[in-house]
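**Q** The hints should help you fit chain B onto chain A, whose structure is shown.
Chains A and B, in that order, are what the protein sequence lines are. The numbering of the first sequence is my numbering, which starts it at 28 and goes up by one. The numbering of the second sequence is my numbering, which starts it at 28 and goes up by one.
No lab work stands behind these hints: they were computed from the structure. Warning: the hint list may mix true and false statements.
[Unchecked claim] Some chain B residues judged to face chain A by a derived CB distance under 10 Å, without partners named:
no.: 1; residue: Ile109
no.: 2; residue: Arg160
no.: 3; residue: Val185
no.: 4; residue: Leu291
[Unchecked claim] Ranges of calculated distance between the beta carbons of each label pair, as one might list FRET restraints:
no.: 5; chain 1: B; residue 1: Arg261; chain 2: A; residue 2: Asp36; range: 31 to 39 Å
no.: 6; chain 1: A; residue 1: Ala223; chain 2: B; residue 2: Arg46; range: 53 to 61 Å
no.: 7; chain 1: B; residue 1: Ala140; chain 2: A; residue 2: Asp249; range: 51 to 59 Å
no.: 8; chain 1: A; residue 1: Asp36; chain 2: B; residue 2: Pro103; range: 37 to 45 Å
no.: 9; chain 1: B; residue 1: Pro45; chain 2: A; residue 2: Glu216; range: 50 to 58 Å
no.: 10; chain 1: A; residue 1: Phe328; chain 2: B; residue 2: Glu226; range: 28 to 36 Å
no.: 11; chain 1: B; residue 1: Arg261; chain 2: A; residue 2: Gly194; range: 46 to 54 Å
no.: 12; chain 1: A; residue 1: Ala437; chain 2: B; residue 2: Glu68; range: 52 to 60 Å
The C-beta atom is built at its ideal place from N, Cα and C for all residues, glycine as well.
Protein chains: 2
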Amino acid sequence: MVGPTSYFDPARTGELDPRTADLVRRRDAALGPAYRLFYREPLEFVRGSGAHLFTADGEDYLDAYNNVPCVGHAHPRVVAAIAEQAARLNTHTRYLSEPTVAYAERLLATMPASIGHVMFTCTGSEANDLALRIARAATGGTGVLVTEYAYHGVTSEVAAFSPSLVGPDAVAPWVRMIPSPRPGIDFAEGVRAGLASLEADGLTPAALVVDTIFASDGCYPDVPGFADAVAAVRSAGGIFVADEVQPGFGRLGDGMWGFARHGLEPDLVTMGKPMGNGHPVAGLAGRPEHIAAFAEQSRYFNTFGGNTVSIAAAQAVLDVIQDEGLIDNAHRVGARLRDAIAGFGSERVAEVRGAGLFIGVDLVDADGHPDEPFTLDVVNALRERRVLLAASGPDNASLKIRPPLVFDDADADRLLEQLSAVLRNPRARL
Amino acid sequence: MVGPTSYFDPARTGELDPRTADLVRRRDAALGPAYRLFYREPLEFVRGSGAHLFTADGEDYLDAYNNVPCVGHAHPRVVAAIAEQAARLNTHTRYLSEPTVAYAERLLATMPASIGHVMFTCTGSEANDLALRIARAATGGTGVLVTEYAYHGVTSEVAAFSPSLVGPDAVAPWVRMIPSPRPGIDFAEGVRAGLASLEADGLTPAALVVDTIFASDGCYPDVPGFADAVAAVRSAGGIFVADEVQPGFGRLGDGMWGFARHGLEPDLVTMGKPMGNGHPVAGLAGRPEHIAAFAEQSRYFNTFGGNTVSIAAAQAVLDVIQDEGLIDNAHRVGARLRDAIAGFGSERVAEVRGAGLFIGVDLVDADGHPDEPFTLDVVNALRERRVLLAASGPDNASLKIRPPLVFDDADADRLLEQLSAVLRNPRARL
Numbered sequence: 028m029v030g031p032t033s034y035f036d037p038a039r040t041g042e043l044d045p046r047t048a049d050l051v052r053r054r055d056a057a058l059g060p061a062y063r064l065f066y067r068e069p070l071e072f073v074r075g076s077g078a079h080l081f082t083a084d085g086e087d088y089l090d091a092y093n094n095v096p097c098v099g100h101a102h103p104r105v106v107a108a109i110a111e112q113a114a115r116l117n118t119h120t121r122y123l124s125e126p127t128v129a130y131a132e133r134l135l136a137t138m139p140a141s142i143g144h145v146m147f148t149c150t151g152s153e154a155n156d157l158a159l160r161i162a163r164a165a166t167g168g169t170g171v172l173v174t175e176y177a178y179h180g181v182t183s184e185v186a187a188f189s190p191s192l193v194g195p196d197a198v199a200p201w202v203r204m205i206p207s208p209r210p211g212i213d214f215a216e217g218v219r220a221g222l223a224s225l226e227a228d229g230l231t232p233a234a235l236v237v238d239t240i241f242a243s244d245g246c247y248p249d250v251p252g253f254a255d256a257v258a259a260v261r262s263a264g265g266i267f268v269a270d271e272v273q274p275g276f277g278r279l280g281d282g283m284w285g286f287a288r289h290g291l292e293p294d295l296v297t298m299g300k301p302m303g304n305g306h307p308v309a310g311l312a313g314r315p316e317h318i319a320a321f322a323e324q325s326r327y328f329n330t331f332g333g334n335t336v337s338i339a340a341a342q343a344v345l346d347v348i349q350d351e352g353l354i355d356n357a358h359r360v361g362a363r364l365r366d367a368i369a370g371f372g373s374e375r376v377a378e379v380r381g382a383g384l385f386i387g388v389d390l391v392d393a394d395g396h397p398d399e400p401f402t403l404d405v406v407n408a409l410r411e412r413r414v415l416l417a418a419s420g421p422d423n424a425s426l427k428i429r430p431p432l433v434f435d436d437a438d439a440d441r442l443l444e445q446l447s448a449v450l451r452n453p454r455a456r457l
Numbered sequence: 028m029v030g031p032t033s034y035f036d037p038a039r040t041g042e043l044d045p046r047t048a049d050l051v052r053r054r055d056a057a058l059g060p061a062y063r064l065f066y067r068e069p070l071e072f073v074r075g076s077g078a079h080l081f082t083a084d085g086e087d088y089l090d091a092y093n094n095v096p097c098v099g100h101a102h103p104r105v106v107a108a109i110a111e112q113a114a115r116l117n118t119h120t121r122y123l124s125e126p127t128v129a130y131a132e133r134l135l136a137t138m139p140a141s142i143g144h145v146m147f148t149c150t151g152s153e154a155n156d157l158a159l160r161i162a163r164a165a166t167g168g169t170g171v172l173v174t175e176y177a178y179h180g181v182t183s184e185v186a187a188f189s190p191s192l193v194g195p196d197a198v199a200p201w202v203r204m205i206p207s208p209r210p211g212i213d214f215a216e217g218v219r220a221g222l223a224s225l226e227a228d229g230l231t232p233a234a235l236v237v238d239t240i241f242a243s244d245g246c247y248p249d250v251p252g253f254a255d256a257v258a259a260v261r262s263a264g265g266i267f268v269a270d271e272v273q274p275g276f277g278r279l280g281d282g283m284w285g286f287a288r289h290g291l292e293p294d295l296v297t298m299g300k301p302m303g304n305g306h307p308v309a310g311l312a313g314r315p316e317h318i319a320a321f322a323e324q325s326r327y328f329n330t331f332g333g334n335t336v337s338i339a340a341a342q343a344v345l346d347v348i349q350d351e352g353l354i355d356n357a358h359r360v361g362a363r364l365r366d367a368i369a370g371f372g373s374e375r376v377a378e379v380r381g382a383g384l385f386i387g388v389d390l391v392d393a394d395g396h397p398d399e400p401f402t403l404d405v406v407n408a409l410r411e412r413r414v415l416l417a418a419s420g421p422d423n424a425s426l427k428i429r430p431p432l433v434f435d436d437a438d439a440d441r442l443l444e445q446l447s448a449v450l451r452n453p454r455a456r457l
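The shape of chain A in the complex, shown without the other chains (with noise of 0.2 Å):
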């Protein structure tokens, strides 16, 4: 089990005032040891406005790192198209809706020509699960590849090809792990490696899924090889999943999708997290023909993927990137935001990365080897600061910087006047 990020100790659970140990307490007993909390110290929020929350005490938090309410915590267009078709109807897509229809076209505008259907989830997870049952139906092959530290979510199928949740040792005997794509590695070598792989073993694959941003790997937005690994998926028999999850939905500052900034076309396109702005929707677009192959050989039902309510907050969240111009926010302020860390100069951040609103900083020792303990104490001082982010990438020494898309050049100087005091010193109390 790999932890990506700075969790809460249950043991140090006496250590904290009276009420959240409380809490914390009932929280264990009620919900079990599979979950986790954030930070040394546990958060509690009670409202969110913009990239803010707050807390019960009216503390306000500067959030540069919840990716899901990407038009802001508690915009009031979504909560408005929530509340009034919750009011009106909720219902599912054995009926009729034209407003259904209407968004899946929408959203098929926003893609290549060759992505022809969309189909509705809940979760991202249950997206990048419905696009392996896609991808084996359509190919025949059963074989996955993925980067080393990929993370695409929690069904057991899914688990099954995320080495960052489960270990590298608990993948499906059907999965290969492909290099990350750090300086010098190649990673059609890599995909080509994997194939061979899979083809040693008598399997033919179904589908290379990757995470357009690499966000698990650390956070990878320029990727040589990439085209040519897909060319070679596809020449094995597989196809080509887009994993959007993560970076899809203008957060790279650069159109709505990751896949088209590596200038790729993919088959399959899955999608969750800022859909709905925190509202339960998901999906994937792809094929005519892929889609096609599965449905004959299984027809196919959510009860609440692409129900009216979820569907609402999702032509909502479309409504507000557009009008108040988020793709273009998020490249602006992400271009300010990492010329900004990388002109700290300090010694102790040895590579800034990113696209739009998608940052990751590589923090180092002294030695300049990647350093856990650091990162975590940056993470853990910018909280007592009250700015969230989190360490990510495979040695847990990358900070991962990925706000709400509404990220003003307010929260920019904030966030960077407490990044750069804490790089100085993460130990120093307020």
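**A** Frame of chain A, contents of chain B only:
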């Protein structure tokens, strides 16, 4: 692929009114061929209230089918809870949230004392998928026993133990199918045979997974040998998963959960559909030692699962079930419906089964054989008379009556009047 109900045939799109035909064509183009629509003439609703759905023309349809909006379509208390919480904060389980803990505690108070933890998902499919992961971690086994027409969900692994979705030939090699508990069948005998078959193939059982109302097998409220079956599975090292996605939350008119009607204590309880009255929230509850075994293998995080808005919806649903006495209502109105339908004295009605507001009505031809064409005619004739229900069961020759729990005496009168007329002559136009 099995077709459990009366779906629209896309080849007949040209026979629909022009506006509907156009929407069906747009829908087929956008969503693709894996989706289905109910009825020979699809329906489009724009508003719902109580047990009623309304078209754009204001036509009032009686909903005797939809189990998801259990406290009634667009119940104002649930709508208000969603709207108020969405306007305040929608965030996830890695921050503390007292209401999330309080809801889990409230749910656990409805369960046997041996059930100690709750985990949140967004769909029943995810809940059953997580149950499989937990069962395998807790037992070390892989085998799953289900009924021969079982449906448990749409993820890769759950579809693989859902013969009514994928067909009996496409279930996974680690699945054994048990005969449906029809009269004369000893359920335990089937389970023991399934266990022996697993053992003969060198497999050990992880779980017996049973929908406690046997919905897709045709609705069986009383099952001889059920307790012995559970004991046999436990003796062989497996656990018992009660799938309460359909029967749970009071539908059966006798307490909250279907397993209790059988006098059973399950190891895991999965839940979904009615939990948020249409808001996508689902989950499971289980024994601490089993969840601890899972937690040793993997942490658990479901981005939208147990978010603050989903919890507000779920809490409001429990409030309404309690405050409006809906379990008693399900008991009383359900019994009235069953007695009245049996009392029709129709020679086309072979049997009326059920508990609370989950009712199966077997329809037969003049020779007493299951009559699918007649059943589909009845379902579509009722649709013309603005009453919604479905065909179900192994032969697709059972009516499935499964309305919102707010179904009242006037609703029952209307259903009985129309059903009585249609059973006499389903092909007569209004």
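**Q** Evaluate each hint against the coordinates.
**A** Consistency of the hints with the structure:
| no. | hint | result |
| --- | --- | --- |
| 1 | Ile109 | holds, 5 Å |
| 2 | Arg160 | holds, 5 Å |
| 3 | Val185 | holds, 8 Å |
| 4 | Leu291 | violated, 22 Å |
| 5 | Arg261/B / Asp36/A: 31 to 39 Å | holds, 35 Å |
| 6 | Ala223/A / Arg46/B: 53 to 61 Å | holds, 55 Å |
| 7 | Ala140/B / Asp249/A: 51 to 59 Å | holds, 56 Å |
| 8 | Asp36/A / Pro103/B: 37 to 45 Å | holds, 43 Å |
| 9 | Pro45/B / Glu216/A: 50 to 58 Å | holds, 56 Å |
| 10 | Phe328/A / Glu226/B: 28 to 36 Å | holds, 35 Å |
| 11 | Arg261/B / Gly194/A: 46 to 54 Å | violated, 30 Å |
| 12 | Ala437/A / Glu68/B: 52 to 60 Å | holds, 56 Å |
Hints 4, 11, counting from the list given before, are not met by this structure.
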